[in-house]
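Given chain A, put chain B in place with the hints provided.
Spelled out, the chains give:
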Amino acid sequence: MRSAPFRSIASRLRWGVPIVAAAVVASACSSANSVNVQHNKSGGGAGGYHYKIAMVTHGGAGDSFWSIVKAGGVQAGKDMGDDFTYQSNGDPTQQSQLIDAAVNQKPDGLIVSMANPEALKAAIQRAVAAGIPVVTINSGQAQSKAYGALSHFGSDETVAGQAVGTGLKQAGVKSVICVVQEAGNVALEQRCAGVKSTLGGTVTNLQVDNNNLPGAQSLIQAKLQADKSVDGVVTLGAQVASVAEAAIAGANSTAKLATFDLNADVAKAVQDGKILFAVDQQPYLQGYIAVVMLTQYKANLNVLGGGLPVLTGPNLITKDNAAAVLKLAAAGTR
Amino acid sequence: MTTTLERPPAQPQPDERVARVSLARRLLVKPEFGALVGVIVIFVFFSFESDVFRSMEGAANWLDGASTVGLMAIPISLLMIGGHFDLSAGVQVGTAGLATGIMTTYWGLNVYASMVVSLCLLLFIGFINGFLVTRTGLPSFIITLGMFLALQGINLGVTKQVTNTVQVSNLNLVPGYQALKDIFGSQISIGGHKFQIAILWWIIFTIIGSWLLTQTRFGNWIFASGGDPNASKNVGVPTSRTTITLFMLTSAMAWFVGNTQIIRFSTIQAQVGIGQELIYIVAAVIGGCLLTGGYGSVIGASLGALIFGMTQSGIVYANWNSDWFKTFVGAMLLLAVLANQFVRRLATQGRR
Chain A
1 MRSAPFRSIA
11 SRLRWGVPIV
21 AAAVVASACS
31 SANSVNVQHN
41 KSGGGAGGYH
51 YKIAMVTHGG
61 AGDSFWSIVK
71 AGGVQAGKDM
81 GDDFTYQSNG
91 DPTQQSQLID
101 AAVNQKPDGL
111 IVSMANPEAL
121 KAAIQRAVAA
131 GIPVVTINSG
141 QAQSKAYGAL
151 SHFGSDETVA
161 GQAVGTGLKQ
171 AGVKSVICVV
181 QEAGNVALEQ
191 RCAGVKSTLG
201 GTVTNLQVDN
211 NNLPGAQSLI
221 QAKLQADKSV
231 DGVVTLGAQV
241 ASVAEAAIAG
251 ANSTAKLATF
261 DLNADVAKAV
271 QDGKILFAVD
281 QQPYLQGYIA
291 VVMLTQYKAN
301 LNVLGGGLPV
311 LTGPNLITKD
321 NAAAVLKLAA
331 AGTR
Chain B
1 MTTTLERPPA
11 QPQPDERVAR
21 VSLARRLLVK
31 PEFGALVGVI
41 VIFVFFSFES
51 DVFRSMEGAA
61 NWLDGASTVG
71 LMAIPISLLM
81 IGGHFDLSAG
91 VQVGTAGLAT
101 GIMTTYWGLN
111 VYASMVVSLC
121 LLLFIGFING
131 FLVTRTGLPS
141 FIITLGMFLA
151 LQGINLGVTK
161 QVTNTVQVSN
171 LNLVPGYQAL
181 KDIFGSQISI
191 GGHKFQIAIL
201 WWIIFTIIGS
211 WLLTQTRFGN
221 WIFASGGDPN
231 ASKNVGVPTS
241 RTTITLFMLT
251 SAMAWFVGNT
261 QIIRFSTIQA
271 QVGIGQELIY
281 IVAAVIGGCL
291 LTGGYGSVIG
301 ASLGALIFGM
311 TQSGIVYANW
321 NSDWFKTFVG
331 AMLLLAVLAN
341 QFVRRLATQG
351 RR
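In the order they appear, the protein sequences are chains A and B. For the first sequence, the working numbering gives the first residue as 1, with consecutive numbering after it. For the second sequence, the working numbering gives the first residue as 1, with consecutive numbering after it.
Looking at chain A on its own, in the form it has when it is part of the complex (with noise of 0.2 Å):
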């Protein structure tokens, strides 16, 4: 349905796009753009020991603390020289589903995240009756014995939360708005709660939306103006804390931020004093060591921990060793 004229100045277009379109990438590529492209390689040495190591978590497809996780396991296994896989969903039913394929493939270890431990609590049994040892990390080290684990490797969200609220208290601050970015993560919330503990002043939740987040910005600012009695903001996920961070200056209050989990931004932001401290739970360690350690029990029978969990964190990182981790997490490995 084209027009006469119009088919003539595509055809004329034609190869002249093309042509200039590559003259322009040609000419626009240079490494001053390519900022994040990281030039060190960490090698590993393959371990040989070929075994099958299986991971299903409740991690949500785009969550950044998972991705770290997961990345741990990646290169635990390829430190290993073990066959990794790796599946996860949030919803407890899928998820037990995933865990009962997984054993069906007869896995030489299998490790599970317990965001619910009741709704896993069978499928993480068959494995175990099946004679597949299995490591809990994150959630659910409180019934991970009880089902049969090995060992647990998590982080204590109240734990975490209490080091927060000490840390903001020595810094003076008295009101607090904990901004939880995802409805209905009881994680979020006993973070907040943690907080609440131990900071002695007053706690106000304030729920936002993930993946708006400009919308975000816009109800933190309006939560700082509305209150002008908030000194302190702690954010729960890395990227709402730069969020936090442009809504502090947009309020022009002076109101201190702290935040859980780690990204580049954030370690920078710390380094440059815009960000008191953040809490890193080293998620990274959480998915190397359970698979290091599932790779040293099939070959030496060692466990980790003595039957107690092992915590990965709470790991502070405050404005003397921002820099060092800055690399590392731009690096997708903090």
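Derived by calculation from the structure, the hints in this document are not laboratory data. From the three backbone atoms N, C-alpha and C, an ideal C-beta is built for every residue, glycine too. Be aware that one or more of the hints could be misleading.
As the list claims (entries may be wrong) - In silico contact screen, one side only, chain B against chain A (beta carbon under 7 Å); selected entries:
1) Glu49
2) Val52
3) Glu57
4) Asn61
5) Gly65
6) Thr105
7) Tyr106
8) Gly108
9) Val166
10) Val174
11) Gln271
12) Ile274
13) Gly275
14) Asp323
15) Leu334
As the list claims (entries may be wrong) - DSSO-like, lysine-lysine: derived pairs with alpha carbons at most 30 Å apart:
16) B:Lys326 <-> B:Lys194
17) B:Lys194 <-> A:Lys298
18) B:Lys160 <-> A:Lys319
19) A:Lys319 <-> A:Lys274
20) B:Lys30 <-> A:Lys274
21) A:Lys256 <-> A:Lys228
22) A:Lys78 <-> B:Lys160
23) B:Lys160 <-> A:Lys52
24) B:Lys233 <-> A:Lys274
25) A:Lys256 <-> B:Lys30
26) A:Lys256 <-> B:Lys194
27) A:Lys196 <-> B:Lys326
28) B:Lys181 <-> A:Lys319
29) B:Lys181 <-> A:Lys327
30) A:Lys78 <-> A:Lys52
31) A:Lys174 <-> B:Lys194
32) A:Lys196 <-> A:Lys174
33) A:Lys256 <-> B:Lys181
34) B:Lys160 <-> A:Lys228
What the hints assert, rightly or not - Using C-beta positions, here's what the derived DEER-type ranges look like:
35) A:Gln296 <-> B:Leu334: 39 to 47 Å
36) A:Ala183 <-> B:Ile203: 26 to 34 Å
37) A:Gly305 <-> B:Gly192: 55 to 63 Å
38) A:Gly201 <-> B:Ala331: 43 to 51 Å
39) A:Gln170 <-> B:Ala150: 43 to 51 Å
40) B:Phe141 <-> A:Ala101: 30 to 38 Å
Here is chain B on its own, set in the frame of chain A:
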């Protein structure tokens, strides 16, 4: 075959189509009227609840929240008037920002060139949406639902493949960033209060969108293809071309919003925009768009977004528990739709 119907020439009744209509009625039948009332009611309501809300800094704040939704609600309302949905609109925002970010900060492409390539990519996505809808005749709901899921996976998959994380950051370290920040992410000072520049863009695009819909031939085509696609095809309206253009307009706006976001925050996350597609539709519906197409207004959609932004911030200013925000929005959506329907019935009653 032609037969002339002989009508008795008696009773010279005036044609009801050219009869004078009272101002009140003319206002009532405007699709955006309900939303305008809503804006006033919500503004007055929250102004009583909080004095910060009605201050300039408060306004700067809720306008900011409204602008992101509002920018996308403009093409979405056009698309809905044209009889279609785009459930992939929210995710496309993420795709656009991620594409620009990855091409620049990982592949070393000049940031302006990245933006051009990402625009081409988005226009292509919009074209695919429109092409599939017009070619297959399947409901756009299904086609764009497929696109929504596919892009969601691509956003995450590509981002993780390239960055090893789920976000692209550090755009602010790239040459040429400052100029972009001035255009897309800066703040304008009005009376000492800082307003996000996105608000200005929102107003400009609302005017352009409304002009397009009400003053141009293309606008007539939108109404026609949404109102009755078959009839309009028969009278020569290029419905397929109109539909494809509308999908591409939506994608182009997603490009604008996505790039605004990564430029403003210098970082973007792989799951950005997921779930927002419904909010855009909510804004358009509160603004008077019908789900069946053929009726609605761009200004209405922007007013709908304004209601959304005011409510979102208003709840915080009023010191209410923000956990209940979505409930409030849901109730408001139902109320708006019911009010719109009631008003429309009232207004059209006497004319039949």
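Exercise. Okay, which hints does this one fail, numbers in order?
Worked result: 1, 15, 17, 20, 24, 25, 34, 35 and 38
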